[in-house]
Amino acid sequence: MVSHDVKLVFAQTRKRIAKMLQKYDGDLNFATNAWTSPNHKAFVAVSVHLEREGEPLVMVLNVVEVAQSHSGLNLASTFAKILDDFGILDKILSLTADNASSNDTMTEGLINLLLDFALLRQFGIPKKSEGDGLDDSEQDLVVMGGQDLITPNLRYSAPSSILERCACIKVVRHVTLVDLAKDLDFEDLVTRAEKGAEDTGDEATVDESEDEELLEGLFDFTDDKHVSLAENVRPVNLVLVKLRKLAFKIVHSMTIILPAWYATLNDLKLAERIMLHYRKAIDTISADRELGLQQFESSEEEWAIASQLRDVLKILKDAMLFFSHFTPNLVTVIPATDHINKRLTTESLDKTLNIAIHTLLGLAKKTLNKYYTLTDSSEVYRIAMVLHPRHKLSYFKQAKWEQSWINTTEELVREEFRCSYSMSGDKESGGGMQSPEQLANIKNKNHNIFDHIPALVAPKHSELQNELDAYLSTDPEYVENFLTWWHRVCVTYPRLSRMALDYLTIPATSVNVERILRCGRLLLSHVRSRLSAQTIRALLCLGSWSLLGMVEDADVKAVTVMADMPGDEEEMEDGWDSIQ
Numbered sequence: 001m002v003s004h005d006v007k008l009v010f011a012q013t014r015k016r017i018a019k020m021l022q023k024y025d026g027d028l029n030f031a032t033n034a035w036t037s038p039n040h041k042a043f044v045a046v047s048v049h050l051e052r053e054g055e056p057l058v059m060v061l062n063v064v065e066v067a068q069s070h071s072g073l074n075l076a077s078t079f080a081k082i083l084d085d086f087g088i089l090d091k092i093l094s095l096t097a098d099n100a101s102s103n104d105t106m107t108e109g110l111i112n113l114l115l116d117f118a119l120l121r122q123f124g125i126p127k128k129s130e131g132d133g134l135d136d137s138e139q140d141l142v143v144m145g146g147q148d149l150i151t152p153n154l155r156y157s158a159p160s161s162i163l164e165r166c167a168c169i170k171v172v173r174h175v176t177l178v179d180l181a182k183d184l185d186f187e188d189l190v191t192r193a194e195k196g197a198e199d200t201g202d203e204a205t206v207d208e209s210e211d212e213e214l215l216e217g218l219f220d221f222t223d224d225k226h227v228s229l230a231e232n233v234r235p236v237n238l239v240l241v242k243l244r245k246l247a248f249k250i251v252h253s254m255t256i257i258l259p260a261w262y263a264t265l266n267d268l269k270l271a272e273r274i275m276l277h278y279r280k281a282i283d284t285i286s287a288d289r290e291l292g293l294q295q296f297e298s299s300e301e302e303w304a305i306a307s308q309l310r311d312v313l314k315i316l317k318d319a320m321l322f323f324s325h326f327t328p329n330l331v332t333v334i335p336a337t338d339h340i341n342k343r344l345t346t347e348s349l350d351k352t353l354n355i356a357i358h359t360l361l362g363l364a365k366k367t368l369n370k371y372y373t374l375t376d377s378s379e380v381y382r383i384a385m386v387l388h389p390r391h392k393l394s395y396f397k398q399a400k401w402e403q404s405w406i407n408t409t410e411e412l413v414r415e416e417f418r419c420s421y422s423m424s425g426d427k428e429s430g431g432g433m434q435s436p437e438q439l440a441n442i443k444n445k446n447h448n449i450f451d452h453i454p455a456l457v458a459p460k461h462s463e464l465q466n467e468l469d470a471y472l473s474t475d476p477e478y479v480e481n482f483l484t485w486w487h488r489v490c491v492t493y494p495r496l497s498r499m500a501l502d503y504l505t506i507p508a509t510s511v512n513v514e515r516i517l518r519c520g521r522l523l524l525s526h527v528r529s530r531l532s533a534q535t536i537r538a539l540l541c542l543g544s545w546s547l548l549g550m551v552e553d554a555d556v557k558a559v560t561v562m563a564d565m566p567g568d569e570e571e572m573e574d575g576w577d578s579i580q
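Going by UniProt numbering, the sequence shown opens with residue 1, and the numbers climb by one from there.
No wet-lab data here; the hints were simulated from the structure. Since this is a predicted model, take the numbers as computed values, not measurements. Watch out, some of these pointers could steer you wrong.
[As the list claims (entries may be wrong)] Listed next, the in silico SDA-like pairs over lysine to any residue satisfying Cα-Cα at most 25 Å (straight line):
(1) 314 / 229
(2) 15 / 550
(3) 23 / 554
[Unchecked claim] Here are the computed distance ranges between Cβ atoms for each label pair:
(4) 546 / 415: 36 to 44 Å
(5) 489 / 394: 13 to 21 Å
(6) 580 / 529: 29 to 37 Å
(7) 489 / 342: 30 to 38 Å
(8) 562 / 488: 40 to 48 Å
(9) 228 / 345: 20 to 28 Å
(10) 297 / 263: 17 to 25 Å
(11) 475 / 576: 51 to 59 Å
(12) 547 / 355: 48 to 56 Å
(13) 111 / 23: 21 to 29 Å
(14) 20 / 345: 44 to 52 Å
Quick reminder that beta carbons are idealized off the backbone N, C-alpha and C, glycines included.
Hey, can you work out the whole structure from these sequences and the hints?
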């Protein structure tokens, strides 16, 4: 049976990877995420991040079924058990996870389970519910209904229906927008359900608590300030509602509107997906009385707002794409955030922009700064910046950080180096250089005297203590691959290079492990929905390991000569994947 052979190869490869990680000279970094397969099995995946010969090595460590509730404590126990099985509980430096609320509880549980653990809080916006713990700027964003534009992870649950709030506040000037937005929440749910089924295999299932309707917050006015803000951003919401409603009708009218849309594109010869070109097509099709889309026609002012919105949001789109590529490094977080903040500041001063755009930019900048301060809760961001040869301390000086902040950052690096790395490698050094007396007492004529002169033997501990001083005293230098650079200078900085390689392999996001789980949708087609959790786990892991050359041909050949297993797929007995 193929599944049986796959599991045997998985077990052998798993043992080999465990030995490799146990022998790894430095600390290890991890990322984790949870996933529910199309056949309704709940998994937790963990990836490991390290350096090998000057290059980053990222691979899935394990994918395990967690049939019980994905509470923080259960996730912490599962993660700790994975590390214990691999024999690397004492090698963890950081853990990166998304901002699901259960992950906050998980990290708290890990602190109790693992004594030597440096918590890495992923840069992101914690999810909220019912408006709990939101300050004024966050409430403003919720009220504006702009969470999909500015804070994609900020969610809001409305306490009452949209009609009840309309009746209470009697905002007559918003009736047109309310009428236009009718059924928008339902259309969003349908669209997201279709996309979810396509991406993950979940058949038309949508978590409504995660996808509240865009216009819900518009009517939750608590004071005059919110009313004023809502009025300011109303033109943006109106444009977005029109475009979203029109797009839904085009996509879901297979026999009338969709053919008319394609015909319009052909008539206008619009092959490129450029907003300015699509405007002509949208204006043409929305003006067609027979299609009944006149209510979605946009004025010149509304098109100007849409164009401005596209331009100011481009930096956020680019940031999302940048941090979604293979494995974004921790060093990129602070410079990227500074650049976004500078760009938002510049655009907020642009008097040519519509007042609605100005309002959203101000709220976005305030919210960005609030969550930027979360990087202060974890020293790993600043340590990684200093250990990057391109930055060192100069980046903070160029960014005009206060000198006291720069001094604190330098002290963080020195303290971590002194406590965790300054004594590493003493065993390998042989205890330091030999004294002149020891050299004089060498009687063995087979030894070449030049093998023992002071200048050629291992340096004293006091000399190695100056590694950090020597590194910081040199100017920053541009390097294409900072891991390769540190690997090359490991003789010059034996201890500091180990610290740098550990911290510079910390992932900024959990994108890689999420990408591994998305492969599960390709694996679990409709004709494979009966695959067991053991087989799914083995296939996902082997798929990642084989691309890295971790699967040996000898293991594959060994199972091919075994006798065939009769019958349907069966679960392996306990201990089949034991590493011991």
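Tell me if the beta carbons of residue 562 and residue 488 are separated by a distance inside 40 to 48 Å.
Hint holds: Cβ distance 46 Å, inside 40 to 48 Å.
So does residue 297 sit 17 to 25 Å from residue 263, Cβ to Cβ?
19 Å, holds
Outcome of range test on Cβ distance (residue 489, residue 394; 13 to 21 Å):
Given a distance of about 18 Å, which is inside 13 to 21 Å, the answer is holds.
Please test the hint of 20 to 28 Å on the beta carbon pair from residue 228 and residue 345.
22 Å, holds
Does 30 to 38 Å hold as the CB distance between residue 489 and residue 342, or does it fail?
32 Å, holds
Is the Cα-Cα distance between residue 15 and residue 550 25 Å or less?
11 Å, holds
Take a look at whether the Cβ-Cβ distance between residue 546 and residue 415 falls inside 36 to 44 Å.
Roughly 42 Å apart at Cβ, these two residues keep to the hinted range, so it holds.
Check whether the Cα positions of residue 314 and residue 229 lie no farther apart than 25 Å.
Satisfied, since the Cα-Cα distance of roughly 23 Å is no more than 25 Å.
So does residue 20 sit 44 to 52 Å from residue 345, Cβ to Cβ?
47 Å, holds
For the hint 51 to 59 Å, verify it against the beta carbon of residue 475 and that of residue 576.
Because 56 Å falls inside the window, the suggested range holds.
Is 48 to 56 Å right for how far apart the beta carbons of residue 547 and residue 355 are?
51 Å, holds
Please test the hint of 21 to 29 Å on the beta carbon pair from residue 111 and residue 23.
This hint holds: roughly 27 Å between Cβ atoms.
This entry satisfies every hint, going by the numbered hints stated previously.
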